[in-house]
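Novice: Dock chain F against chain L, hints included.
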Amino acid sequence: MRKRSILLLVGALAIAASLVVGPAATAGTSGASAGTVVFIHDQEPPNLQGPWVGNNLYATSLVLNNIWYGGQIRNDKGDFVLRNFAVKPRVVKQRPLTVQFQYSNNAVWSDGRPVVCQDLRATWQVFINPQNNVVSRTGWEDIQSFTCQGKKGTIVFKTLYADWESLVSGGPYAAHIIAGKNMNEMFLNSVPISSGPWRFSSWQKGVQLTVVKNPRFKVAPPMKLDRVVFRYILDTNARFQALKSGEGQVMEPQPQLQIADFLNDRNFVVDRKIGFAWEHIDIQFGPKGHPALKQPYVRQALITGMNRAQVAATLYKDIAPGLPALQSHMFKPFESTYKPNWQKWRFNQQRVIDILRGKGCTGGPSRPSAGNNDIYSCPGVGKLSFRFVTTTGNQLRALTFEIIQRQLKSVGIELVPRFGTGGTVFGTVLPSGDWDLFMFTWVGSPATPITIKDLYGCGGDQNYMNYCNRKFSNILQKVSVTLSASERAKLLNDAELRYMVNDIPSIPMYARPVFVIRSAKVKGPVVNPTTEGSPWNVNIWTTA
Amino acid sequence: MLQYVVRRLLYSSVVLIAASFLVFVFVAKGAGDPLAPYYLAPNIDKEGLERIAEAKHLNENVFVRYAYWVRDAVTNQFGTTLLTNEPILPDLWRVMKNTLQLVVVAELLAILFAVAIGVYSALRQYSVFDYTATTFSFLGLATPVFWLALMLQVAVVQIYLHTGHRIFPVANLNSVDPGSGLSFVLDRAHHLVLPVLVLMVASIASYSRYMRASMLEVINSDYVRTARAKGLPESKVTMKHAFRNALIPLVTLVALNFGALLGGAIVTETVFSLDGMGLYFVNALNVADPYPVMAWLMITATMIIVFNLIADIAYGFLDPRVRYE
Numbered sequence: 001m002r003k004r005s006i007l008l009l010v011g012a013l014a015i016a017a018s019l020v021v022g023p024a025a026t027a028g029t030s031g032a033s034a035g036t037v038v039f040i041h042d043q044e045p046p047n048l049q050g051p052w053v054g055n056n057l058y059a060t061s062l063v064l065n066n067i068w069y070g071g072q073i074r075n076d077k078g079d080f081v082l083r084n085f086a087v088k089p090r091v092v093k094q095r096p097l098t099v100q101f102q103y104s105n106n107a108v109w110s111d112g113r114p115v116v117c118q119d120l121r122a123t124w125q126v127f128i129n130p131q132n133n134v135v136s137r138t139g140w141e142d143i144q145s146f147t148c149q150g151k152k153g154t155i156v157f158k159t160l161y162a163d164w165e166s167l168v169s170g171g172p173y174a175a176h177i178i179a180g181k182n183m184n185e186m187f188l189n190s191v192p193i194s195s196g197p198w199r200f201s202s203w204q205k206g207v208q209l210t211v212v213k214n215p216r217f218k219v220a221p222p223m224k225l226d227r228v229v230f231r232y233i234l235d236t237n238a239r240f241q242a243l244k245s246g247e248g249q250v251m252e253p254q255p256q257l258q259i260a261d262f263l264n265d266r267n268f269v270v271d272r273k274i275g276f277a278w279e280h281i282d283i284q285f286g287p288k289g290h291p292a293l294k295q296p297y298v299r300q301a302l303i304t305g306m307n308r309a310q311v312a313a314t315l316y317k318d319i320a321p322g323l324p325a326l327q328s329h330m331f332k333p334f335e336s337t338y339k340p341n342w343q344k345w346r347f348n349q350q351r352v353i354d355i356l357r358g359k360g361c362t363g364g365p366s367r368p369s370a371g372n373n374d375i376y377s378c379p380g381v382g383k384l385s386f387r388f389v390t391t392t393g394n395q396l397r398a399l400t401f402e403i404i405q406r407q408l409k410s411v412g413i414e415l416v417p418r419f420g421t422g423g424t425v426f427g428t429v430l431p432s433g434d435w436d437l438f439m440f441t442w443v444g445s446p447a448t449p450i451t452i453k454d455l456y457g458c459g460g461d462q463n464y465m466n467y468c469n470r471k472f473s474n475i476l477q478k479v480s481v482t483l484s485a486s487e488r489a490k491l492l493n494d495a496e497l498r499y500m501v502n503d504i505p506s507i508p509m510y511a512r513p514v515f516v517i518r519s520a521k522v523k524g525p526v527v528n529p530t531t532e533g534s535p536w537n538v539n540i541w542t543t544a
Numbered sequence: 545m546l547q548y549v550v551r552r553l554l555y556s557s558v559v560l561i562a563a564s565f566l567v568f569v570f571v572a573k574g575a576g577d578p579l580a581p582y583y584l585a586p587n588i589d590k591e592g593l594e595r596i597a598e599a600k601h602l603n604e605n606v607f608v609r610y611a612y613w614v615r616d617a618v619t620n621q622f623g624t625t626l627l628t629n630e631p632i633l634p635d636l637w638r639v640m641k642n643t644l645q646l647v648v649v650a651e652l653l654a655i656l657f658a659v660a661i662g663v664y665s666a667l668r669q670y671s672v673f674d675y676t677a678t679t680f681s682f683l684g685l686a687t688p689v690f691w692l693a694l695m696l697q698v699a700v701v702q703i704y705l706h707t708g709h710r711i712f713p714v715a716n717l718n719s720v721d722p723g724s725g726l727s728f729v730l731d732r733a734h735h736l737v738l739p740v741l742v743l744m745v746a747s748i749a750s751y752s753r754y755m756r757a758s759m760l761e762v763i764n765s766d767y768v769r770t771a772r773a774k775g776l777p778e779s780k781v782t783m784k785h786a787f788r789n790a791l792i793p794l795v796t797l798v799a800l801n802f803g804a805l806l807g808g809a810i811v812t813e814t815v816f817s818l819d820g821m822g823l824y825f826v827n828a829l830n831v832a833d834p835y836p837v838m839a840w841l842m843i844t845a846t847m848i849i850v851f852n853l854i855a856d857i858a859y860g861f862l863d864p865r866v867r868y869e
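Chains as they are written, first to last, in our numbering: chain L, 1 to 544; chain F, 545 to 869.
No lab work stands behind these hints: they were computed from the structure.
Remember, it's a predicted structure, so these values are computed and weren't measured experimentally.
Any given hint could be a false lead.
The calculated lysine-lysine pairs, modelled on DSS-like cross-linking and capped at a C-alpha distance of 27 Å, are [to be verified]:
| no. | chain 1 | residue 1 | chain 2 | residue 2 |
| --- | --- | --- | --- | --- |
| 1 | L | Lys288 | L | Lys273 |
| 2 | L | Lys205 | L | Lys273 |
| 3 | F | Lys590 | L | Lys288 |
| 4 | L | Lys205 | F | Lys641 |
| 5 | L | Lys288 | F | Lys573 |
| 6 | F | Lys573 | L | Lys181 |
| 7 | F | Lys590 | L | Lys158 |
| 8 | F | Lys573 | L | Lys478 |
Just a few of them, taken from the derived set where beta-carbon distance is under 7 Å, the chain F residues facing chain L [unchecked claim]:
| no. | residue |
| --- | --- |
| 9 | Pro713 |
| 10 | Val714 |
| 11 | Leu717 |
| 12 | Ala746 |
If you only want the chain F side, here are some residues facing chain L, beta carbon under 8 Å, derived [claimed, not checked]:
| no. | residue |
| --- | --- |
| 13 | Asp589 |
| 14 | Arg615 |
| 15 | Asp616 |
| 16 | Val618 |
| 17 | Leu633 |
| 18 | Trp637 |
| 19 | Val639 |
| 20 | Val701 |
| 21 | Thr707 |
| 22 | Arg710 |
| 23 | Ala715 |
| 24 | Val720 |
| 25 | Ser724 |
| 26 | Val781 |
| 27 | Thr782 |
| 28 | Asp819 |
We treat Cβ as the ideally placed atom computed from N, Cα and C, and that holds for glycine.
For reference, chain L alone in the conformation it holds in the complex (with noise of 0.2 Å):
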């Protein structure tokens, strides 16, 4: 027993030993070494594909947006940035959409192969296969013919198609390696070439992926780092503790309190912009929501009894002090082509009690009153009572619920809570119609409006409002075969401020805020509020 008992204490003082001893044997290794840059992520990819189903995500472009390059890129304001690698495509004819590019003599593979328009009509050919699970073949499907010449190519498509400029411009698939694969099993694990400023190094598959400086990139300047490497946290508090501590330097946070310790830090830099995703209320015009909810009243009275402007500030006071509401469901306050158009709906709580008692409502308030318990009932649609639905678990929603629930309240207005999990509020209640208010995130990007005919025209994929008026829903059609920017702008302002903001379907909240946290060591990651992300600009990265 006693030969045991020293056995065991050997053994104990064996392994105490070596996590003694473990720190200073990889203290050299554990930060980031010269020339790499550890960027932390709360999300790792399910495999390299790409825009596949199941793998539409975030996380995963940030990897392959600077191994698949594309001709131009959205910069940190939204608009399109010419980045070399295809001469600017061009609009040759309009009826039929004909479009011509060329890419640059420098464009090459990093197997050294030239870049071709080949690259791009294999990868026309891939999205439109229908054996390949892609998420979205909007666009590639409206392509007529695609015909190449070396570098050069003509593409002409079936009908005005006003997002053609994202196709062309997309980063193409390398043609002589994707030849006669299985594209739904090509990249679920590496990706073995690149056409941008980094190319795929190594996966570690739960803790890290890592992509290199690939040196044939020569259409911009090169990377300066050696290396990126993404690290994966998920847990988020996990995530923020790891940056303080210096195992990572960059990072992309959610709106979350944490970043509010790093403001004053002179040790990190924090970037904050408006992004492209916006919260919203949606009303439902449908047979099984609220017969009030069909009255013009009734929806004005709802969006002059929301405070928006505090709701916005009291939730991001400490991150993002002064966020604004948001008065457009068309484009966001940074957008050149913004115009506060629900400005006219000002928050006035004495107002909603005239306008329902106007309207012949019985049994509210006659004032506004904190304590208020009297709910108002109008002439024919009974009380106004509404179930409100939105997603569990998400802090600044059930925040925003309290506020608005207690402004309404005061005014004679109730809104009884129904949330549930993402699957159940999305998958099952958000179709069925069978609600009154819901509120979630619509994720935007510079080239929603031309698809927001989908959100707000009659019968739109996903106008689960049942929100049809028949002359705003011809304009928004009219946008999406619009071919100028300017114009399709100017349509959406003119439509919305006529037809959408006297009818409320959907009442905006604000833009959500996007942030990018990094090491004051570190020099050149910024937000960029597409999906483009911080790395956009990776070649100009440097680090101390």
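Specialist: What follows is chain F alone, placed relative to chain L:
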């Protein structure tokens, strides 16, 4: 004994089947449509989603879906994930290995310390050491795992901010450049220090109480008194006559706990972002993918059953009076 083992395994397989069906129903019904978020994406290819729904039988009733799952689990190594169609088993093996490293080290150290503390506390009942050990045990039992993990992370980061020395990493399984061979092992051990500490605290607190109680019961029993009366040295009485018998309740507890922990120390792995079974389960639940959840369940349930059986068999070795019928 073989007959006993076979009988237990047969009973267990019935439990496994029932558990698998119940969990499948809960996940399939409770989490909603796993394709739902994709229908919200702009310009989504709805035909593609419908193809996936058809291929994975999502439009069938839950009984039919369960039957397809059983087929895949038995003939195709738990099948593939719902959306990305990737094989489940390789990922499960990967995370299981990581969890094993964490749990084995934590449990071995916990048993070592807990047994020593428990035995010494019992032998020195109502001494300063006993009161101190008791106090810390209750503290350990009362401390929530997530809180302790967060506090350790904060402490380590504060030390780093004040001294510039990172004594332990706060997340992940290894460094950016972990090296290979011994260097890799040491780097992994370095990363596991905090999670192991967290797991150890709860285990030591619990095991040491059991060990103390069990040891007290044994050292006051007649046969121990007889051994002393026969003039045996105290060390022999303690280690040979008392200690071995006092281990029996602890064996049950450790075996059950170990089996459950192999399913992943969910909180610890989540807080430290360790790529283990617990985090794998949480991620699978988050994307409402029933297939990895089911695979995880089967592995975890099997582990619990196996370790339960091991505990029962171990009784026979520790206590010759135990008979398997």
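Novice: It remains to establish, for every hint, whether it holds in the given structure.
Specialist: Here is how each hint holds up against the structure:
Taking the CA atoms of Lys288 of chain L and Lys273 of chain L, the gap is about 38 Å. The hint is violated against a cut of 27 Å. A hinted pair counts as satisfied when its Cα atoms are at most 27 Å apart, and Lys205 of chain L with Lys273 of chain L does not qualify at roughly 31 Å. Proximity of Lys590 of chain F to Lys288 of chain L is assessed by CA-CA distance (about 25 Å); at most 27 Å being required, the pair is judged to hold. Proximity of Lys205 of chain L to Lys641 of chain F is assessed by CA-CA distance (about 13 Å); at most 27 Å being required, the pair is judged to hold.
The hinted pair formed by Lys288 of chain L and Lys573 of chain F meets the criterion: a straight-line CA distance of about 23 Å does not exceed 27 Å. Proposed proximity of Lys573 of chain F and Lys181 of chain L is contradicted: the alpha carbons are some 37 Å apart, above 27 Å. Restraint check for Lys590 of chain F and Lys158 of chain L: the C-alpha separation of about 21 Å stays at or below 27 Å, so the hint holds. At most 27 Å may separate the alpha-carbon atoms for a hinted pair to count; Lys573 of chain F and Lys478 of chain L exceed this at roughly 42 Å.
Interface restraint check: Pro713 of chain F against chain L, minimum CB-CB distance 6 Å, threshold 7 Å, status holds. Given hint, Val714 of chain F at the interface with chain L, holds; its Cβ is 5 Å from that chain's nearest Cβ, closer than 7 Å. The beta carbon of Leu717 of chain F is positioned within 7 Å of a beta carbon in chain L (closest approach about 5 Å), and the interface hint is therefore held. Because the smallest distance between the Cβ of Ala746 of chain F and any Cβ of chain L comes to about 19 Å, over 7 Å, the interface hint for this residue is violated.
Checking Asp589 of chain F against chain L by beta carbon gives a least distance of about 5 Å; that is within 8 Å, so the hint holds. For the restraint placing Arg615 of chain F at the interface with chain L, the shortest Cβ-Cβ distance is roughly 22 Å, beyond the 8 Å limit, so the hint is violated. For the restraint placing Asp616 of chain F at the interface with chain L, the shortest Cβ-Cβ distance is roughly 17 Å, beyond the 8 Å limit, so the hint is violated. Because the beta carbon of Val618 of chain F sits about 24 Å from the nearest beta carbon in chain L, more than 8 Å, this interface hint is broken.
Annotation: Leu633 of chain F was flagged as interfacial toward chain L, and the flag is violated, the nearest CB pair being 14 Å apart, outside 8 Å. Hint on Trp637 of chain F is violated. Least Cβ distance to chain L is approximately 11 Å, over the 8 Å limit. Satisfaction of the interface hint for Val639 of chain F is found here, the shortest Cβ-Cβ separation to chain L being roughly 7 Å, below the 8 Å cut-off. With a least beta-carbon distance of about 5 Å to chain L, the hint placing Val701 of chain F at the interface is held under the 8 Å criterion.
A distance limit of 8 Å between C-beta atoms decides the matter here; for Thr707 of chain F the minimum to chain L is near 11 Å, and the interface restraint is violated. Because the closest C-beta pair between Arg710 of chain F and chain L is about 6 Å apart, less than 8 Å, the hint holds. Taking 8 Å as the C-beta contact cut-off toward chain L, the hint placing Ala715 of chain F at the interface holds, the least distance being around 4 Å. With a least beta-carbon distance of about 5 Å to chain L, the hint placing Val720 of chain F at the interface is held under the 8 Å criterion.
For Ser724 of chain F, the interface hint is violated, the least distance from its beta-carbon to any beta-carbon of chain L being 12 Å, above 8 Å. Annotation: interface hint on Val781 of chain F violated; nearest CB of chain L at approximately 12 Å, more than 8 Å. Checking Thr782 of chain F against chain L: minimum C-beta separation of about 10 Å lies over 8 Å; hint violated. Restraint check, Asp819 of chain F versus chain L: the minimum CB separation of about 3 Å is within 8 Å; hint holds.
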